[in-house]
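Trainee: The chain contents come next:
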Amino acid sequence: MPIHSSLRALLAVSLALPGLAQEPDRSAKLSGFGTLGLAWNSNRDAEFMRDVSQPAGATRRLDARIDSRLGLQLDAELSRTFRATLQVISKYRYDNTFTPDVSWAFLGWNPEPEYQVRLGRLGVELMMNADSRDVGYSFLWVRPPVEGFGLIPFTRLDGLDATATLPLGSGASLRLKAYYGATTEREPLDGLGALNFRGDRLGGLVAEVAAGSWRGRLAYARFQSRRDFTPPVSDLAAGLEAYAEALGDPRLAQAAAGLRFSGANLQWFMAGLTWEEGPYQTQAMLARLRSDRLAMPSNWAGLLSLGRRMGPVVPYALWSRVAAPRQQVPDLGSLAASGDPDAAALGEAFIAFIAPGAFSQSTLSAGLRWDFLTRMDCKLQLDRIRSGPQNLLWDQIQPGWNGRATVVSATVDFVF
Amino acid sequence: MGAHMAHAPFLKLAGALLLLVAAGRPLRAADPRLVVVANPDSGVDQLSWDEARNLFLGRQKRLGSGLPAAPVEQGLPPWIRARFYRLLAAKDVSEIDAYWSRLIFTGQAHPPRQAPSAEAVIRMVLADRGAVGLLEWEKPDRRVKVVLAFEGPAGP
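Protein chains in written order, with the working numbering: chain P, 1 to 416; chain A, 1 to 156.
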């Protein structure tokens, strides 16, 4: 039988009888998820992105790129205690293509039901449920709020994690997880190629308590860069260092150090709470990024989400905000005062590079999730966005952009 | 289904089930009954609602007796799962599927296995001492032990 028709038959069976397509021993299982999405942004002066990994975003044209994605997963049970998982995902990525990437590829070992150790490529749980942020069917909204999730360039690492799920008594349970590895991602840099995070170190801890309708989570993560930014950012740093020496101004060296990413130390602290009683679905999250580099300044992010099921429909409201306090920008006065036009241009380039990092933005959203078929939903969401004049989350910001936008989005999510 | 009421062991069982039902409403013969059954050698005589919820949502990995838990659901007809999760967690089955899709696609856990009929669930429970099976209890089956029973409005 040709491969495509057998695959189609398999898909048809999986869709018709979810979970029944396989023999109960489930030695191998193919599953998948996907989203078809359209987004429209009312403001033509900047492009709305889902996260910083995207090279472009939505303007006043329906955009099918930013939310659409497709994932396929193969799970194999190798023995009673060993299993392997491979997941490939196609989504709009840094190089302006939908080239599929391996998002998960690990060997898992469960010596006891409570303990799991995994080795390979793993998703990163930096924010609450951030490791499933591509699985639209798994969450209530059209997309995870950009203020909380859009700034994090890391979704996966090559390394290991270990998880323990332990009963706490009276029906409560505790999940503890630790992970460590090397990041694999790239991030586009406005018209300048891509930032490369391949091989940098990321580690973290997650503690989660589930009790009745409540789930509370604390998480910590630490990222350490082992490589510098590539040109032209590194050229900018080198130029500042040269002028620091020539003009004898240590403040320029300090500015240059803010652009040297090697050795950068970023730390995330996260607290989250969900309450899901009967028809109610509520979630709150607060996250703090502490950074020692001007290129990715410290910030606070938070979200609050409320939804209530009414039959197959869940109307919801969502508020999210990120704020980066004004950072101490080194005084570059000596560059302008030097009378050297190259020096002045260098100073301007420096400001232009670091300014978008220090911003604030909040979004108020209202939406509807409709579970219209088994394992399939469609969502409609309206976002009212207010941003400061500079912003990392937007692309192609035109002079005079007022930082206000209404984004209308519709998605269909499915899993099989 | 009324004919089964004549079975003395079943009457005894139904009486025991009534004690487990929180609402205390009498079972009506016409109601399709949902039960969770366990292997006779599981070392478990009954499950609380909390335990059942944690087992079927993958938050509790072992039975009270210490055996690794292996939940099984009767997948067909679909109202069985829908009613089970409505009664157990006041959740729509789509919310349960969304919950599991997060765990599946982050490689954290497998959802309960599914079997197409009550008989298939019973066979899977008999094959594994740690298995607990959700099924429609059409006729008493003494091969397995009922550890939790639900009453409620009729199914489809």
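Hints should not be assumed to be uniformly reliable.
What the hints assert, rightly or not - Pulled a few chain P residues facing chain A out of the computed Cβ check, cut under 10 angstroms:
#	residue
1	87
2	90
3	113
4	212
5	213
6	216
7	279
8	292
Treat the hints as calculated values from the structure; they're not laboratory data.
Just so it is clear, CB atoms sit at the ideal spot from N, CA and C, and this is done for glycine as well.
Trainee: A separate judgement is required for each hint: does it hold in the structure or not?
Mentor: We went through each hint and held it up to the structure:
1. Taking 10 angstroms as the C-beta contact cut-off toward chain A, the hint placing residue 87(P) at the interface holds, the least distance being around 7 angstroms.
2. For the restraint placing residue 90(P) at the interface with chain A, the shortest Cβ-Cβ distance is roughly 14 angstroms, beyond the 10 angstroms limit, so the hint is violated.
3. Given the 10 angstroms rule on beta carbons, the hint for residue 113(P) holds: about 4 angstroms separates it from the nearest Cβ of chain A.
4. Here the hint on residue 212(P) is kept, as its CB sits about 8 angstroms from the closest CB of chain A, short of 10 angstroms.
5. Satisfaction of the interface hint for residue 213(P) is found here, the shortest Cβ-Cβ separation to chain A being roughly 9 angstroms, below the 10 angstroms cut-off.
6. At its closest, the beta carbon of residue 216(P) sits 14 angstroms from a beta carbon of chain A; the interface hint therefore is violated under the 10 angstroms criterion.
7. For the restraint placing residue 279(P) at the interface with chain A, the shortest Cβ-Cβ distance is roughly 7 angstroms, inside the 10 angstroms limit, so the hint holds.
8. Because the closest C-beta pair between residue 292(P) and chain A is about 30 angstroms apart, greater than 10 angstroms, the hint is violated.
Of the numbered hints listed earlier, those contradicted by the structure are 2, 6, 8.
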